[in-house]
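One line per chain: the protein sequences are R and U, in this order.
If you're matching positions, the first sequence starts at 1 in the working numbering and goes up one per residue.
If you're matching positions, the second sequence starts at 1 in the working numbering and goes up one per residue.
Don't read these hints as lab results, they were simulated from the structure.
Keep in mind that a hint or two might mislead.
[What the hints assert, rightly or not] Straight-line distance between alpha carbons at most 16 Å, and here's what the computed EDC-like set of lysine to aspartate or glutamate pairs gives:
no., chain 1, residue 1, chain 2, residue 2
1, U, K77, U, D118
2, R, K156, R, E359
3, R, K128, R, E113
4, U, K363, U, E377
5, R, K387, R, D350
6, R, K154, R, D118
7, U, K77, U, D115
8, U, K376, U, E351
9, R, K225, U, D208
10, R, K376, R, E351
11, R, K16, U, D2
12, U, K156, U, D277
13, R, K156, R, D115
14, R, K225, U, E207
15, U, K128, U, E113
16, U, K16, R, D2
17, U, K225, R, E207
18, U, K225, R, D208
19, U, K154, U, D118
20, U, K156, U, D118
21, R, K363, R, E377
22, R, K387, R, E332
23, U, K313, R, D316
24, U, K313, U, D302
25, R, K313, U, D316
26, R, K5, U, E18
27, R, K31, R, E57
28, R, K376, R, E359
29, U, K31, U, E63
30, R, K77, R, E113
31, U, K5, R, E18
32, R, K154, R, D115
33, R, K5, U, E11
34, U, K5, R, E11
Since the model is a prediction, treat every value here as computed from it, not as a measurement.
There are 2 protein chains.
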Amino acid sequence: MDNFKFHVYTEIFFGKGEIKNLPATLGKYGKNVLFAYGGGSIKKNGIYEQVMELLSETFNVVEFANIEPNPTLDSVKRGVALCRNHSIDVILAVGGGSVIDCTKAVAAARYYEGDPWDLVLDSRKITKALPIVTVLTMAGTGSEMNRGSVITNKEKMLKLGMGAPVTMPQATVIDPTYLFTLPPIQTAAGAADTFSHVLESYFKKGEDAFIQDKMSEAVMLTVIKYAPIAIKEPENYAARANLAWASSLALNGLTGNGKSGAWSIHAIEHELSAYYDLTHGVGLAILIPAWLKHILNEQSVDRIAALGVNVFKISDQQDKFEIAKKTIGAMEQFFASLGIPMRLTDVGIDEEKFELMAEKAVKYGALKHAYVPMTKEDVIQIYQLCK
Amino acid sequence: MDNFKFHVYTEIFFGKGEIKNLPATLGKYGKNVLFAYGGGSIKKNGIYEQVMELLSETFNVVEFANIEPNPTLDSVKRGVALCRNHSIDVILAVGGGSVIDCTKAVAAARYYEGDPWDLVLDSRKITKALPIVTVLTMAGTGSEMNRGSVITNKEKMLKLGMGAPVTMPQATVIDPTYLFTLPPIQTAAGAADTFSHVLESYFKKGEDAFIQDKMSEAVMLTVIKYAPIAIKEPENYAARANLAWASSLALNGLTGNGKSGAWSIHAIEHELSAYYDLTHGVGLAILIPAWLKHILNEQSVDRIAALGVNVFKISDQQDKFEIAKKTIGAMEQFFASLGIPMRLTDVGIDEEKFELMAEKAVKYGALKHAYVPMTKEDVIQIYQLCK
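Could you build all of it, start to finish, from the sequences and the hints given here?
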């Protein structure tokens, strides 16, 4: 097991009605609150009203609305201006990963005089950040319990990650009932995102990080059990609760700390959703089986087979390559069963940019340090497998 | 899943050599350090020297030595006096659960004018505590990453738990090489303690806390794999690392939050180690199979069988009572294989105090709220099964 640091200081308020903790939690930091949210679904499902009722008497609430999926540098700049103009003390992010990611960049850029993009390119420049409190309305990214953030620069056509110890949310409200109104494809995409996060950990280097791998399997088993239920019965509390908590635990260091090497699939996906505005989780679900097919060889077969036996309950009484192939098939079938379109052509993506995206994925994703190192040609082949 | 709060703010420095972070970590809180430790094993294995070398130039180090296993109220009072007399800013606990538990009580009692025992009887009286930093030298209790503490009052013959949000360590160094010199029985007792913590969670109420149960299984699988290796090869880094991290994750809320009801086995054990100064983990290992035998019935059988199938890999192709009985047998055999004496008579305990201990266990353990509610008679029967 590699040396690691683990410091997840986010305070979680989990369960129905836990939003009641918001005033006391925000109040620790001051009176001026930047209320960040996305396209307005929170106005339809009542969460916006609930927040305003809780805060409007005691706090000065400044709204930061219309944060887009795959949040852009332009939104970050807009948020920074609001923070400065209104002497914001604390940011309240109500949404999924996009809203929370955007506020992390805003929180850090508030204290940085240069272009916020500098902080995306080099997170070591982040020294201070406004405190962030989040209310989760979509499960999957895990952003509510970690420091990471992904920002899109439309001008440069880049989608890159950033993060520092100070950009982790101070507190997060996870109320599973807030996920009841998610459309099936969002539920499916979120589940695929959660699954992918632990899969990336599972395929990091480090053979003896056993407990981390068992934690990863715990998350995958949870997604496999509850994603189909949440899609069929959107108001099934147990399903929403398990998926939400799985999402937070999938990317807070529990499964990845102690292992080494770069992630593989996310870098390849980020290019897709940077160029095509594809839902991140959908892109991941399409890529995962293709990536596994591409890397299957004498070195990786045991790991893929372990995944199949422990998670997909495939019998270990057969040839390991047979198990591995069945594992990949089971995974593809699982994502398809959630209603995710599983071919790039299904989501309107053709070969045109394969070469360009592959080049960028290798460059920005450090794919030469991945579990199975990747060249541009490897990535093109993976995109080809997804056609 | 029940509502829960999760706030584990302890910063973990995990791995060989990570003690190097001590000066910077302690330095955040001040110059006057109370250096707490136990019977002196850290003077034999070099950790004492290492700590002194790192701290002696920059800090005023006050030693608080000879904290006993099952730390007593008298030790707590001694520590409080040292804190007050030397204007201590931060406590450094170097040891296992006993040393860390003792410092939690000291840290809180430092700011309490009355008898520290008041805080054990009612943790709501804890409002403030000195910051605690720990260096782990024995894995098992999980005290390095939670708020809880168990203190023994010799005069009243009581061993009770306490804890508050402010008594959680701020930071913890877990260097697996510090566990290399642990004698086999301590390794075994620590493994049994870790196992018991997730077992208590596994048998709390809450059928749909699925991810919590899968995390519990992850910890149990880790203990089953690595405890025998660590006993056979005390310097096996992977084994020590996995056991240590399992120990911290077993009792920080990951496996128990979201489920309800009182613990069962710990209350019954605490009476044993209060009256007989038995090693806590040994007492737990003796009691667990007996408790399971006692509670096995139509209501509990599915849960016990799930444990057997998922953790002990017992075939599910048989009658569920058969699976449950094999599970209990496998568990007993596992603990025995670690070299733990498995009968109370083996550790010099006879029937004399069974009735008295049972009465106290029911009273202080809130056993009527356990997964299977217990009366005094139930507890006596469990002790009888352990003879």
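Quick rundown of the hints versus the structure:
1. Restraint check for K77 (chain U) and D118 (chain U): satisfied, since their Cα atoms lie roughly 12 Å apart, inside the 16 Å limit.
2. Straight-line distance between C-alpha atoms of K156 (chain R) and E359 (chain R) comes to about 15 Å, which keeps the hinted pair within the 16 Å bound.
3. Distance hint between K128 (chain R) and E113 (chain R) is fulfilled; the C-alpha atoms sit about 12 Å from each other, no more than 16 Å.
4. Taking the CA atoms of K363 (chain U) and E377 (chain U), the gap is near 13 Å; set against the 16 Å cutoff, the hint holds.
5. For the suggested pair K387 (chain R) and D350 (chain R), the alpha carbons sit about 7 Å apart, so the restraint of at most 16 Å is met.
6. Distance hint between K154 (chain R) and D118 (chain R) is fulfilled; the C-alpha atoms sit about 15 Å from each other, no more than 16 Å.
7. With a C-alpha separation of about 9 Å, the suggested pair K77 (chain U) and D115 (chain U) falls inside the 16 Å cut-off, and the hint holds.
8. Our distance criterion of 16 Å between C-alpha atoms is met by K376 (chain U) and E351 (chain U), whose separation comes to about 14 Å.
9. For a cut-off of 16 Å, the pair hint linking K225 (chain R) to D208 (chain U) stands: about 11 Å separates their Cα positions.
10. With a CA separation close to 14 Å, the supplied pair K376 (chain R) and E351 (chain R) stays within the 16 Å bound.
11. Distance check on the hinted pair: K16 (chain R) and D2 (chain U) sit about 9 Å apart at the alpha-carbon level, within 16 Å; holds.
12. A threshold of 16 Å between alpha carbons decides the hint, and for K156 (chain U) with D277 (chain U) the separation of about 15 Å falls inside it, so the pair holds.
13. At most 16 Å may separate the alpha-carbon atoms for a hinted pair to count; K156 (chain R) and D115 (chain R) meet this at roughly 14 Å.
14. Note on K225 (chain R) and E207 (chain U): the hinted pairing holds, with a Cα-Cα distance of about 14 Å set against a maximum of 16 Å.
15. For the suggested pair K128 (chain U) and E113 (chain U), the alpha carbons sit about 12 Å apart, so the restraint of at most 16 Å is met.
16. Between K16 (chain U) and D2 (chain R) the CA atoms are separated by roughly 9 Å; this keeps the pair inside 16 Å, and the hint holds.
17. This hinted pair checks out: K225 (chain U) and E207 (chain R) have alpha carbons roughly 14 Å apart, not beyond 16 Å.
18. About 11 Å separates the Cα atoms of K225 (chain U) and D208 (chain R), which keeps this hinted pair within 16 Å; it holds.
19. The suggested pairing of K154 (chain U) with D118 (chain U) holds, with an alpha-carbon distance near 15 Å, which does not exceed 16 Å.
20. For the hint pairing K156 (chain U) with D118 (chain U), the CA-to-CA distance comes to about 13 Å; that is within 16 Å, so the pair holds.
21. Only pairs whose Cα atoms come within 16 Å are accepted, and K363 (chain R) paired with E377 (chain R) is accepted, the gap being roughly 13 Å.
22. Between K387 (chain R) and E332 (chain R), the direct Cα distance comes to roughly 14 Å. Compliance with the 16 Å bound is thereby established for this hinted pair.
23. The hinted pair formed by K313 (chain U) and D316 (chain R) meets the criterion: a straight-line CA distance of about 13 Å does not exceed 16 Å.
24. Taken as a hint, the K313 (chain U) and D302 (chain U) pair is honoured in the structure, with Cα atoms around 15 Å apart against an allowance of 16 Å.
25. For the given pair, K313 (chain R) sits about 13 Å from D316 (chain U) by alpha-carbon distance, which is consistent with the 16 Å threshold.
26. Under the criterion of a C-alpha separation no larger than 16 Å, the hint pairing K5 (chain R) with E18 (chain U) is consistent with the structure, at around 9 Å.
27. Restraint check for K31 (chain R) and E57 (chain R): satisfied, since their Cα atoms lie roughly 11 Å apart, inside the 16 Å limit.
28. Taking the CA atoms of K376 (chain R) and E359 (chain R), the gap is near 5 Å; set against the 16 Å cutoff, the hint holds.
29. Distance hint between K31 (chain U) and E63 (chain U) is fulfilled; the C-alpha atoms sit about 14 Å from each other, no more than 16 Å.
30. Between K77 (chain R) and E113 (chain R) the CA atoms are separated by roughly 12 Å; this keeps the pair inside 16 Å, and the hint holds.
31. Annotation: proposed proximity of K5 (chain U) to E18 (chain R) holds, straight-line Cα distance about 9 Å (limit 16 Å).
32. Straight-line distance between C-alpha atoms of K154 (chain R) and D115 (chain R) comes to about 15 Å, which keeps the hinted pair within the 16 Å bound.
33. Restraint check for K5 (chain R) and E11 (chain U): the C-alpha separation of about 7 Å stays at or below 16 Å, so the hint holds.
34. Between K5 (chain U) and E11 (chain R) the alpha-carbon distance is near 7 Å, which keeps this suggested pair within the 16 Å criterion.
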